[in-house]
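Enquirer: The residues making up each chain are set out below.
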Amino acid sequence: MKKTAVSFTLNNEQVDVLVEPRELLIHTLREKLSLTGSHIGCETSHCGACTVDMDGISVKSCTILAVQANGSELMTVEGLASDDGLHAVQEGFMQEHGLQCGFCTPGMLMRSYRFLQENPNPTEEEIRVGLSGNLCRCTGYQNIVKSVQYAAEKLQAKEEG
Amino acid sequence: MSTSAESIEREEKLQGVGCSRKRKEDPRFIQGKGNYVDDIKMPGMLCAEIVRSPYAHARIISIDKTEALALPGVHAVLTADDLKPLDLHWMPTLAGDVQAVLADEKVVFQMQEVAVVIANDRYIAADAVQLVKVEYEPLPALVDPHKSMDSDAPVIREDLIGKMDGAHSKRLHDNHIFTWDVGDKESTDQAFEDAEVTVKENMFYHRVHPCPLETCGCLASFDKIEGKLTAYVTSQAPHVVRTVVSMLSGIPESKVRIISPDIGGGFGNKVPIYPGYVTAMVASIVLGRPVKWVESRIENLTTTGFARDWHMEGELAADNEGRIKALRVNVLADHGAFDACADPSKFPAGMFHICTGSYDIPNAYARVDGVYTNKAPGGVAYRCSFRVTEAVYVVERMVDVLAQKLGMDKAEIRLKNFVKPEQFPYPTALGANLDSGDYHTALNKVLDAVDYKELRKEQEEKRANGELMGIGIVTFTEIVGAGPSKSCDILGVGMFDSAEIRVHPTGSALARMGTITQGQAHQTTYAQIIATELGIPSEEIQIEEGDTDTAPYGLGTYGSRTTPVGAAATAVAARKIKAKAAKIAAHLLEVSDDDLEWDVDRFKVKGVPGQEKTMKDIAWAAYNNLPEGMEPGLEAVDYYDPPEYTYPFGAYLCVVDIDKYTGVTKVRRFYALDDCGTRINPMVIEGQIHGGLTEGYAVAMGQELSFDPEGNIEGNSLMDYFLPTAVETPHWETDYTVTPSPHHPLGAKGVAESPHVGSIPTFTAAVVDAFAHLDVTHMNMPHSAYRVWQKCHELGLDKAK
Numbered sequence: 001m002k003k004t005a006v007s008f009t010l011n012n013e014q015v016d017v018l019v020e021p022r023e024l025l026i027h028t029l030r031e032k033l034s035l036t037g038s039h040i041g042c043e044t045s046h047c048g049a050c051t052v053d054m055d056g057i058s059v060k061s062c063t064i065l066a067v068q069a070n071g072s073e074l075m076t077v078e079g080l081a082s083d084d085g086l087h088a089v090q091e092g093f094m095q096e097h098g099l100q101c102g103f104c105t106p107g108m109l110m111r112s113y114r115f116l117q118e119n120p121n122p123t124e125e126e127i128r129v130g131l132s133g134n135l136c137r138c139t140g141y142q143n144i145v146k147s148v149q150y151a152a153e154k155l156q157a158k159e160e161g
Numbered sequence: 162m163s164t165s166a167e168s169i170e171r172e173e174k175l176q177g178v179g180c181s182r183k184r185k186e187d188p189r190f191i192q193g194k195g196n197y198v199d200d201i202k203m204p205g206m207l208c209a210e211i212v213r214s215p216y217a218h219a220r221i222i223s224i225d226k227t228e229a230l231a232l233p234g235v236h237a238v239l240t241a242d243d244l245k246p247l248d249l250h251w252m253p254t255l256a257g258d259v260q261a262v263l264a265d266e267k268v269v270f271q272m273q274e275v276a277v278v279i280a281n282d283r284y285i286a287a288d289a290v291q292l293v294k295v296e297y298e299p300l301p302a303l304v305d306p307h308k309s310m311d312s313d314a315p316v317i318r319e320d321l322i323g324k325m326d327g328a329h330s331k332r333l334h335d336n337h338i339f340t341w342d343v344g345d346k347e348s349t350d351q352a353f354e355d356a357e358v359t360v361k362e363n364m365f366y367h368r369v370h371p372c373p374l375e376t377c378g379c380l381a382s383f384d385k386i387e388g389k390l391t392a393y394v395t396s397q398a399p400h401v402v403r404t405v406v407s408m409l410s411g412i413p414e415s416k417v418r419i420i421s422p423d424i425g426g427g428f429g430n431k432v433p434i435y436p437g438y439v440t441a442m443v444a445s446i447v448l449g450r451p452v453k454w455v456e457s458r459i460e461n462l463t464t465t466g467f468a469r470d471w472h473m474e475g476e477l478a479a480d481n482e483g484r485i486k487a488l489r490v491n492v493l494a495d496h497g498a499f500d501a502c503a504d505p506s507k508f509p510a511g512m513f514h515i516c517t518g519s520y521d522i523p524n525a526y527a528r529v530d531g532v533y534t535n536k537a538p539g540g541v542a543y544r545c546s547f548r549v550t551e552a553v554y555v556v557e558r559m560v561d562v563l564a565q566k567l568g569m570d571k572a573e574i575r576l577k578n579f580v581k582p583e584q585f586p587y588p589t590a591l592g593a594n595l596d597s598g599d600y601h602t603a604l605n606k607v608l609d610a611v612d613y614k615e616l617r618k619e620q621e622e623k624r625a626n627g628e629l630m631g632i633g634i635v636t637f638t639e640i641v642g643a644g645p646s647k648s649c650d651i652l653g654v655g656m657f658d659s660a661e662i663r664v665h666p667t668g669s670a671l672a673r674m675g676t677i678t679q680g681q682a683h684q685t686t687y688a689q690i691i692a693t694e695l696g697i698p699s700e701e702i703q704i705e706e707g708d709t710d711t712a713p714y715g716l717g718t719y720g721s722r723t724t725p726v727g728a729a730a731t732a733v734a735a736r737k738i739k740a741k742a743a744k745i746a747a748h749l750l751e752v753s754d755d756d757l758e759w760d761v762d763r764f765k766v767k768g769v770p771g772q773e774k775t776m777k778d779i780a781w782a783a784y785n786n787l788p789e790g791m792e793p794g795l796e797a798v799d800y801y802d803p804p805e806y807t808y809p810f811g812a813y814l815c816v817v818d819i820d821k822y823t824g825v826t827k828v829r830r831f832y833a834l835d836d837c838g839t840r841i842n843p844m845v846i847e848g849q850i851h852g853g854l855t856e857g858y859a860v861a862m863g864q865e866l867s868f869d870p871e872g873n874i875e876g877n878s879l880m881d882y883f884l885p886t887a888v889e890t891p892h893w894e895t896d897y898t899v900t901p902s903p904h905h906p907l908g909a910k911g912v913a914e915s916p917h918v919g920s921i922p923t924f925t926a927a928v929v930d931a932f933a934h935l936d937v938t939h940m941n942m943p944h945s946a947y948r949v950w951q952k953c954h955e956l957g958l959d960k961a962k
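Going down the list, the sequences are from chains A and B.
Quick note: the first sequence uses my numbering, first residue 1, plus one each step.
Quick note: the second sequence uses my numbering, first residue 162, plus one each step.
Just to be clear, a hint being listed does not mean it is correct.
Taking lysine-lysine and the BS3-like style, the derived pairs with C-alpha atoms no more than 25 Å apart in a straight line are [claimed, not checked]:
1) A:Lys154 <-> B:Lys194
2) B:Lys827 <-> A:Lys146
3) B:Lys647 <-> B:Lys507
4) B:Lys324 <-> B:Lys308
5) B:Lys245 <-> B:Lys324
6) B:Lys606 <-> B:Lys581
7) B:Lys331 <-> B:Lys308
8) B:Lys827 <-> B:Lys618
9) B:Lys183 <-> B:Lys194
10) A:Lys154 <-> B:Lys183
11) B:Lys385 <-> B:Lys361
12) A:Lys32 <-> A:Lys3
13) A:Lys146 <-> B:Lys581
14) B:Lys308 <-> B:Lys385
15) B:Lys614 <-> B:Lys566
16) B:Lys581 <-> B:Lys174
17) A:Lys32 <-> B:Lys194
18) A:Lys146 <-> A:Lys158
19) B:Lys614 <-> B:Lys581
20) B:Lys767 <-> A:Lys146
21) B:Lys739 <-> B:Lys777
22) B:Lys416 <-> B:Lys389
What the hints contain is simulated information worked out from the structure, not anything from laboratory work.
These figures come from a predicted structure and were not determined experimentally.
Only chain B is shown next, with the shape it has when bound in the complex:
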């Protein structure tokens, strides 16, 4: 490869892999020309609004639509009775359970969908919702998952009574969903018996919500003449939605077109299919007119996919020097009233088996029990990478607890237990196969950058003065890029992804992928990959996603899987084109393709200056001057089934100062080092990190969805639900190292969820560390001022000296 100044200049013009290319998406968004679901209008379009349950658990005695139907401008009021003939009053979920579309005999969580009103506009629809009279007979609500399996617990799912074979395991109780376990229980128990030191801690990873700024919505249009259903949907997996809609409606998949237009943030909230989508589609089929449904913020927070809600008991066994011998974890998972937790179908607890973390732990065992409660469904969402948030939280918390028991430094114990660079690929005790990593370098870089020793010294001094300063350290390993189809599927569809690249005669290109951006800049970064592979400037490469009629089938964007899977497919498809281009170049230059070398954007004849053909020349020739027998055109498709996940990692450090009289925690410093292998666009990565760390700050420090004993949800609007503004959000410092994934075509790993996954335990670690000298080992989130003050008060710290 030549590295002449001239070829470097050509390379820069490509704006390819590794450069902080400005985003191709921005021009439309900064001028209000994005196209989000609620922007779309169709002739004859009607609006849907949903009648929702005021009770968490109640029988429906009757529904009276009369007054609502009498309101001018109202076209229909649909209830479960209307959906039954179509067998659509229930729908399947990604977790292998079913979920009520419209409540039939009873409601099982507050604000559950009971009826849907279709009217001329949303104002009339809202009026009509008030006129639908529903009579309920309240039932006792079950909100504490620890009581779900009590013998006298109210049965939430009467539709499942007697069905003790669940989708994932035997069910042990009417409110039990599944038991899932992993690891060698016997050897782990033995390691605990033999250990010099053991620690145990209970922790609650509280229920939060991804709360994208754009809520969920759908515009469904059934064309009765063509028999074709078109729906614009806020979906992170439009192809999967198409398949499911086809299976449920009986409309052939070729006559179902799902379009994810611009999406105003997803964050995992827009993976599942919601009753609102289904009812809009049914209403459009029934009425033969387009029907739009756009939910409110309160509906979004209350009824769409929540995140977390895991009650975890962690245990570590170690020797007196702090070498970890075993990990044992027991989890009670609150899944709400229907198991709609978005996971690959064989993983009811997601990728929780990554919970051995960045450490060389010889023995491990984890068990998760899922239970029903009278709450909305969900669980997997909000940058969790399929429960990796919980996995990283439990192991990082436990390592701190162990360090504290041994009186060891929290950085030192990590350095002591890290999987070493030479151990990769490293098979963990719970079956993950870490692809690559250099954890020591990463942590040491962070410790140096913040002058860790000096911070600990300052902390000593502050403690002597009775001040609360905490230093949190987290060194995490992510698992992203689901996933190898031998184990990973969504409702039976293997978790590959795809790219289709078409080079036009004049050398520009159109490419489409099976993923779908919700702000992560795919239209920019995919073009960068193709630019580098093919020597076409990224400016001239048009990227499209989200239209199931045009894009190749893919599994969508969630679990930070776009780069590991979609980008891999893109590189492979581009390489197929390049291989054909080489043959065309050889034909044009009248040499063997062995005599050619690639130089940025052209093939050159080795050792013969001036003998070269650019990709532009080749593209033109592909349409008019080809080697004998070669198919015209220049395009390729790749469906990429990943051989493995990618395992990015990071080392995060946070310093907090806590006011012991008010409990107010101030983040003084947050330093985040991420290693996601080859970096496609550093600017975009940094933006992902900032966003993820801000979410982590929100989750750890204030966000919460809680329930009272009657099952009323609390704090389900922006009146209480904590979304930080620019004022609260700390300044972030970011850093990186580069440890490529050996199995990925570009060496790139996913990264977008890392900052959320990693930062949350870092905040908890910092807050708890502020109290560590007072023998506090753990404090449950959120670390709001009130709750932190409660701890100060309990310890008597808030008494004036």
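Excised from the complex, chain A in its bound form:
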């Protein structure tokens, strides 16, 4: 099948890649670009294990064609930590035991990263609703809520400090 040249910014780096028009973004990220943090947990767009950040919104990359990402700004879990160390959401999940098998974690983290920009000081209810596009089979969500609360507090402190 004929391939199309696609360019985007991925974790702050310019990327050029040749893809078939039918290629899902998740496969481009995982298979062509070897960013295997994002995962696939379903084929009906429910689980959110493939969640990445695209132009400032959380998207399920199993439900986007790579060609649609042309010209966009993408961020995956691999781009969360910076030279300063782990991002607050990563630290939160580790401190509050917000992961077990780790399979939903990259999607959860990318969603939490964006969610806390949408709502920096969320209630428990708002966190639960805000992360409802992401399924987890291990944690029962309770510690994920605590992880996001931890990150929210940490980010707030940083803002104020």
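Could you slot chain B onto chain A? The hints should help.
Expert: Just chain B, lined up with the frame of chain A:
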């Protein structure tokens, strides 16, 4: 043992047993650096996709591969005919039956594997699957297990016609798999005849699926030059897979390397060997290139190991005061088209004999009949501990039914019948030997914590107002840690497990076990055990599992057996090292080892301050300064054959409010007390509990795999299959008591499946209790809004006042 502030500080630094140590696994997972099967790439790797049956039951007339093979990028299309010369078109199952790898003459469940396509990538493979033309002749499908043994029932397994000696018993019908029974039928029948009160209830523990977020997959690579097969597999028992693959392929076990890398959840789904693994391995052997197979969610839900599907008839006999005299259970077990139920080979109904529960029941008898239907194989999965889910469900439901008949309080009847602390070890009427327990303390703690009396009072008031409020109580006893090799084996291999610990010259350590984590934090908790035993900080102890070339042989992780068996092996291996370390310390300090005492991380000469050697000193000496005749190095192995199972227990209480007009059930409160003996890492235990309770909520309140009369599976994707999000999932309250296992080296019991096992009947108990004043004794799961509304409607509760 000194308890000086200084030694307490050293102990804290170890991050050993009992502390909520943060997980060593997390850094890689939170940075997307885990290594799951589908992350792995190999040079020349191809992808496999499976052609599946649209019918539940049909003859295969022909398979035409021509068009698929003509598609550029397609390397092979394999069918049963290609596997026959290798005798691999069928494979053995853990239940002693066989399962078709690729369907030969007919298909026996919908979406069964018919052919496998190997192509350059998964996109081309998916295209090619569409081009494989299979002609079928449909046959009548059998989906109702109650009709399996009818005289005119369609025969599902033509390969077994006339073979009436099954793997577990005589077969009574072509669709009969086994009869298994336990207990004293005569004394039980007599107790029922003599009883003042008897109750009977039918209940269906419906078919559900463990649905791990990562599906099953495999990357097989056969090296033609070395004659070695390496396969990365989503397997909860990689060593067992290696043995089976070796036996089936004829490749020596030393040239089969199975690696379970990071696994995105197992939940029992990843115990069996699936046709996808076998076909990927065969394709790699045939093509001489790595072949990857990763299934979709729909394939996972439809064709891999389901859970439950037991039709149970429970009976209790008691006196008028509510003292239980006898339990009788009769089960019809729907196993699908092949018996691939993952059990120790002598236990076709798993550990169902634990169904006398937490109660001192003098007489009991249970019988289970397994039957074939046109459905996918499975049965044991999804935190069931080998059918303990079903066992706990039936006994807890029956105790409620009895309480209701006698007009007794549901907590009171339990307190009255509990095995008492002084009765342990307690031999049950069905042959379990409960190791330890204090059920009264546990239940009373829960009742106090939730103010049970006040809840019942509120319920009275609500009932008077026509509102539906239910209180569910379950007090369960688990059986985990399979198991003693005299009775427990997997395909002939005793169910021991193992640990190998190696202390390096500079005092850090590498340890490997025969189990395999799928998220339960073994890399953290095993290190904690070794840390406490040897005085090496857990940070400096590297734990590995899952690579059969390097880890000692073990039976894997399922049935909550890691702590009971693997952790026991770890402690024993560490103690072997410590015993050698004591001799080295004595040599270095020039005293007898009787003169030494252990203080956290060092041996001290009794009564001589300052005379001491740390484990670090000893490790170095083990490589250069040893007592005469002692072997250099500091390492040990232990293969632990457990003397008994461990029997953790719990007391769970749930309060629900039901909207009688919509049937929507809201969980107001769920309080879970678990006692798993010594707690290695409370943080990790709590995480296991949260996950298990959430699964229980899903199973009881919405999950279901059902079939229409033609055998079409229904609800087999996330469009319908209920996985709760953070919004639906209730807030969990957890608690504990500590009743150690007397036979376990650490006093620790397994726990991970307890929350699933215990919570499900708790939800049913709460929902049914909401209707108990209307003489409802049982309602089948799932308690979805529609089904609960049906009950409201049947009772006329949804009519406006």
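Enquirer: Compare the structure with each hint and give your call.
Expert: Checked hints:
Taking the CA atoms of A:Lys154 and B:Lys194, the gap is about 24 Å. The hint holds against a cut of 25 Å. Using a Cα cut-off of 25 Å, the hinted pair B:Lys827 and A:Lys146 holds, with the two alpha carbons roughly 22 Å apart. For a cut-off of 25 Å, the pair hint linking B:Lys647 to B:Lys507 stands: about 10 Å separates their Cα positions. This hinted pair checks out: B:Lys324 and B:Lys308 have alpha carbons roughly 20 Å apart, not beyond 25 Å.
Distance restraint check for B:Lys245 and B:Lys324: the Cα-Cα separation of roughly 21 Å lies within the 25 Å cut-off, and the hinted pair is therefore satisfied. A threshold of 25 Å between alpha carbons decides the hint, and for B:Lys606 with B:Lys581 the separation of about 16 Å falls inside it, so the pair holds. At most 25 Å may separate the alpha-carbon atoms for a hinted pair to count; B:Lys331 and B:Lys308 meet this at roughly 19 Å. Of the pairs offered as hints, the one joining B:Lys827 and B:Lys618 holds, with about 19 Å between alpha carbons and a cut-off of 25 Å not exceeded.
Restraint check for B:Lys183 and B:Lys194: satisfied, since their Cα atoms lie roughly 18 Å apart, inside the 25 Å limit. Proposed proximity of A:Lys154 and B:Lys183 is supported: the alpha carbons are some 18 Å apart, at most 25 Å. Under the criterion of a C-alpha separation no larger than 25 Å, the hint pairing B:Lys385 with B:Lys361 is inconsistent with the structure, at around 62 Å. Distance check on the hinted pair: A:Lys32 and A:Lys3 sit about 13 Å apart at the alpha-carbon level, within 25 Å; holds.
Between A:Lys146 and B:Lys581, the direct Cα distance comes to roughly 39 Å. Violation of the 25 Å bound is thereby established for this hinted pair. Between B:Lys308 and B:Lys385, the direct Cα distance comes to roughly 50 Å. Violation of the 25 Å bound is thereby established for this hinted pair. About 20 Å separates the Cα atoms of B:Lys614 and B:Lys566, which keeps this hinted pair within 25 Å; it holds. A threshold of 25 Å between alpha carbons decides the hint, and for B:Lys581 with B:Lys174 the separation of about 39 Å lies outside it, so the pair is violated.
Simply put, A:Lys32 and B:Lys194 have alpha-carbon atoms about 16 Å apart, close enough for the 25 Å limit, and the pair holds. Of the pairs offered as hints, the one joining A:Lys146 and A:Lys158 holds, with about 18 Å between alpha carbons and a cut-off of 25 Å not exceeded. Taken as a hint, the B:Lys614 and B:Lys581 pair is honoured in the structure, with Cα atoms around 23 Å apart against an allowance of 25 Å. Using a Cα cut-off of 25 Å, the hinted pair B:Lys767 and A:Lys146 is violated, with the two alpha carbons roughly 48 Å apart.
Only pairs whose Cα atoms come within 25 Å are accepted, and B:Lys739 paired with B:Lys777 is accepted, the gap being roughly 12 Å. With a C-alpha separation of about 5 Å, the suggested pairing of B:Lys416 with B:Lys389 holds against the 25 Å cut-off.
Checked against the numbered hints listed earlier, the structure breaks hints 11, 13, 14, 16 and 20; every other hint is satisfied.
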